[in-house]
Structures are given as C-alpha cells and as structure tokens.
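Undergrad: Below are the chains, spelled out letter by letter.
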Amino acid sequence: MSLILIVDDEPAVLRTMGDWLASEGYEVAMAASVAEARSWFASAYKPPDAALVDIKLPDGNGFGLADNLYADHGFDRVIFVTAFFWEEETRRELVQRGKPYFEKPLKFHKQVLPFLRRFLNTKES
Amino acid sequence: MADKVWTKRWIFFLGVTLMLALPLAMAYFYLGDLMSQSERKRHQQQANAQLNLMQEQLYDTKWDALADTYDDTLHLGRYEEARLLRDTLMSYAYPDGRSFVEGIAIVNPDGSLRPSRLAAVIDDQGRPLGRKRLAALKMDSPWLEAPWLPSYDFVARAFLDNRDLDNWISPFIQAPGRLVFVVASARRTADGHLACAVILQHSIKSLWRNLQAPVRGELDLWLMDRRGTMGLSTSKLAAESAAAFKALGLLERLLQSGAKAAGQGRLGISGEMPQRLGEEPSHLAYRSLAGDMLLGAVTRQSALGAQTAAMLRYLGVISLWALLILAVAGAIFTVASLREQARMVEKDTLRRYAGTVSHRVRNDLAAALGNLELISVGRLSDPAAIKEILASSVNPALCDIQATVEELERLSRGEVDLAKDGQLGTDTMYECKCDSKGG
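Taken in sequence, the protein lines are chains R and U.
Be aware that the first sequence starts at 0, since it is given in numbering that gives the first Met the number 0, and climbs by one per residue.
Be aware that the second sequence starts at 0, since it is given in numbering that gives the first Met the number 0, and climbs by one per residue.
Heads up, a few of these hints could be off.
[What the hints assert, rightly or not] The calculated label-pair distances, taken between Cβ atoms and stated as ranges, are: (1) U:Gln340 <-> R:Glu88: 17 to 25 Å; (2) R:Phe118 <-> U:Lys7: 50 to 58 Å; (3) U:Glu387 <-> R:Asn67: 32 to 40 Å; (4) U:Gln340 <-> R:Tyr44: 29 to 37 Å; (5) U:Leu323 <-> R:Asp66: 25 to 33 Å.
[Claimed, not checked] Residues from chain U shown here face chain R by an in silico Cβ test under 8 Å; the list is partial: (6) Asp123; (7) Thr333; (8) Gly354; (9) Ser357; (10) His358; (11) Gly369.
The set of hints was computed from the structure by calculation and includes no laboratory data.
In this text, all values refer to a predicted model and were calculated from it rather than measured experimentally.
Virtual Cβ for every residue (Gly too), placed ideally from N, Cα, C.
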C-alpha cells in the first residue's frame, strides 16, 4: 500500500484530499505546515511514496519544504498543489522546477487519481 | 506609510528648490557686488577725469586772465588805454558776444576806476553789440553795461598791503544779482609803489555757463572760494555737501596746500573723502585752483552703480520668476507623482485583495467540489457519512464563498475600504500576509 503525505494549511482541503486518497486505498499522512511536515518526516517509519504539497503555507512555502526534504532525506516525489497558479511568481517557479502540480480546486476523479497512479507506478517500475 | 512618502517627496521638492535657489541667490549677490564695485570704480574714474578737466579750465582761466592783465600793465603808457583794454577784452569775447569777463578796467591806488574801463558789451570784432542782442542779454544780465562794483578799494588794498604782490585773484564778491571775482595785476613804480592795477572782472555765472557746465556731465558740483563763499552749487545735494565740507573746517588748510602745490608747478591739490549727507553715505572728490578756489563733486553711494542696481533688479525679478516657475513645476510634478503613487498603491492593494479572494474561494471550492465529487462518483454512499461531510466541509465552504461574495458587494457599495495590505479593513474575515509568501 502506497503512503501519501498531504501538506496543506486548509483543514477542509486537507480532509477532502485525505478522504479521496483513503477511498482509493492509499495510506495517508497529513501535515498542516512546513514544521509539521518536517517533523513527520523525521519520525516516519518510511518515506512516503508521494507528497502532495500546498505551496502557500503559514510558516513557509511548499518549494522550500520540497528543497528541505530533498536535502535532508533525498526525497523528491513531490506533487505541488496551489490556489496561486494565477500568480506569475508561483507559475514561473513551478515551470522552472519541472515538477508535477495541480491547481485548486482539484478534479480528483478525472485528474488527480489517474495521475497519481501513473506517478506511483513510475516509481515502482 | 503614505504620510512618510508624502513627507519624503515634499522634503525632496523643497531640497531641490533650495538647491536651485541658493546658488542663484549667491550668484545674484556675488555678481551684484562685483558689478556694483566695478561700476562704482568706473564712475569714480569718470568723475575724477571730469574734475581734472575742470581744474585745468579754472587754471587756464586764471592764468590767461593774469597773463593778459599783466601784459596790459606792461603796455600801459605806451598805448591808448581804451584801445588796449578793448583789445584785451576782445580776446575773451565769444562770437556770440557773451563773454565770461564782465569788464576790464584800470584801478587807481585810491580804488577808483579810470574812464578807459570797458564792459563786456562788444562782439568778437570789438564792435558794440546790436541793440536787439544787447536788449536780449540784458534780460538775463541787467548789469551788463555797467557791471562795476561800488568800490575797487579792495584791489588797491591787496597790492598796497603786499608790495611783493604782482598778481592777485579776489575772493568771490556779491555784486547786485550775481557773484563775481576779480583777476588783477599791479603796475608799480620803480620804487615799488602802486601806480595802478589792471583788472578783469569775471562773473561766476558766466564762468560756469561757458566753461564748466559743458563738461559737467552728471556731476553734482560746488565751487567755493578761500573764505568759504559758495560760488555755485548745481544741486541740493551739492549744497549739502559744500555745507558739510565747510563745517569740517578743512578749507583753509587744503587751500594752503593748494597754494603750495601751485608753487611747485602743479594746478592745485586733489583729494576725496566720504561724507554722510542725511542718512545716506556719499563720496566727495575735490580739486583746488591753486590756493584760490575749491571745486567739489559729490556722489551718493546709492547713485553709484545705479545702472547696475537697476539691471540687477531686473535680473533678480527674472530669476525669481524662473525659480517660481520651477518651484510650481516641481510642486505639480510632486503632486502628480504622489497621486500616481497613490494609484499604484491602490492598484497593488486591489491586486493583493484579488489574490486573497481567489485563494480563499479556490480552497473553498477545493473542499466543496472534492467532496461532491466523492459523492457523485459513488465513493461515499452512506447517508450519514454524506450528511456529515455536507455539514462539516461542503456547507462551511459554501458559507465562506457566500460571505466572500457579500464582502465584495459591501466593498462595491463603499461600505468598507481596502486596507493597504490587501485586507478588507478591520472587518475582513480572512487573514492575508502582505508579503504574499504566506497563505
């Protein structure tokens, strides 16, 4: 069973995403901030297979968190989620990084889950 | 923040205006001083040159007259007296018949005049003036045909008192209607007794009109004899200057120096001194005719450099206008810049608020749509679970969206204002970070 880490500061969004992924059979971990995410990583029994990371977080941003996770744990299976895709700065950064991303509101059934399956399969293969 | 920007911009504006005004003012005063000094110097040089010329003319007048009278004394007894005197007078007669010499005569030791005396009523050909011409001249100078003083005892007395004296110029003498002075040469017997004296009587008025006035220029002049009698003053200022000079008591000493200078072959003395006439500082320059007369020229300091002062006033007015226009332009620019900045701030505030609203609604939609999608695809079918999801997640998201729309409506109605950090005043229900890094 794949383990997915969700990092978002909006409780409703966090819960909805968790419900979706759980209904799909994934094991889900949740964090509401950069600090929580890093703390979870430090104590996790294994690294997640993927992390859905919101870009705007109260104590930092998703890009910084992704960089930390890669630097500290060699983890680079990050999928960014953002409600700020309209913002030039965020859009440029996303394009430059070349990482997958989703724009809120998410279309779970048609976009997120199919992509996530392919994403996880890529890792396994 | 806005106040700070406002203050900074206006301080900048004032700074620039001052930076423009200060060099302009310094240049104005520096150049003004420089130009005034230069013009003062030029004016003083001009005045000195005029005074020197007038001093020379006085000198020439004195010695021409003395030479003629002395020459006449040598010729007395050898020529017919009336003819001798007429020939002498003719050399002073101008073509228009107006001589500055009133008359020529021979004075006896008792002070009486001989019958050979002649008044200046001949033309330059030695002929009597025409009746009309004479009548016209007598309108101005009624004494023309009989210019003689009641007594010439003072001439005889001068030569009798000083046996070594051969030539003499009298002080100024008040005659009816005018001031005169007499140039005289003595004829003495072999043992030094006074036989007679030839005199040329000058009118100060004619002397001034015919010799001095043409070279006067704009000078305020006065002429004083050795007793301090005023021969003329060309203006009120000149009269004040002469009175102030006389009050100093320097006249006698200066004319003694003038006589001494003449003894050394010079025309007389020259000098200058500051004067304070009324409340205004003035400058007096003077020249002496040997030890006989003193000619003064006075100038107000304010009149010196008056042309420069007028020019400076124009320059000052032009500079002030230029500065004023620059200041107005600067003020307009500052106001425009502040308004532009205010518009930019408003735009930025609006952009931030739009971002805030977008973020808020997108998150609400993410929760609501995600849950509805769960239900619609059949991942959630338990009515209790659906009810719980609707109550705990979808409903709050929709309420939040409704509140957002209402907030926008309140904003459009002007009931609330946007704060500069992109929040909706203190009434906002959503916290937004100014640096856009927060969520």
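Undergrad: Now tell me, hint by hint, if it's right for this structure.
TA: Hint check:
The supplied range of 17 to 25 Å is met by Gln340 (chain U) and Glu88 (chain R), whose beta-carbon atoms lie about 23 Å from each other. Checked against the hint of 50 to 58 Å, the pair Phe118 (chain R) and Lys7 (chain U) passes, with Cβ atoms roughly 53 Å apart. As the Cβ distance of Glu387 (chain U) to Asn67 (chain R) is approximately 36 Å, the hint placing it in 32 to 40 Å holds. The supplied range of 29 to 37 Å is broken by Gln340 (chain U) and Tyr44 (chain R), whose beta-carbon atoms lie about 56 Å from each other.
At about 60 Å, the beta-carbon gap between Leu323 (chain U) and Asp66 (chain R) misses the expected band of 25 to 33 Å. Annotation: interface hint on Asp123 (chain U) violated; nearest CB of chain R at approximately 108 Å, more than 8 Å. Proximity of Thr333 (chain U) to chain R is violated relative to the hint, the smallest CB-CB distance being about 32 Å (cut-off 8 Å). Interface hint status for Gly354 (chain U): upheld, as the beta-carbon distance to the closest one in chain R is roughly 7 Å, under 8 Å.
Look at Ser357 (chain U): its Cβ gets to within about 6 Å of chain R, closer than 8 Å, so that hint holds up. The interface hint given for His358 (chain U) is met, as the beta carbon of that residue sits about 5 Å from the closest beta carbon of chain R, less than 8 Å. A hinted interface residue such as Gly369 (chain U) counts as satisfied when its beta carbon comes closer than 8 Å to some beta carbon of chain R; here the least separation is about 4 Å, so the hint holds.
Violation of the numbered hints given earlier is confined to hints 4, 5, 6, 7; the remaining hints are satisfied by the structure.
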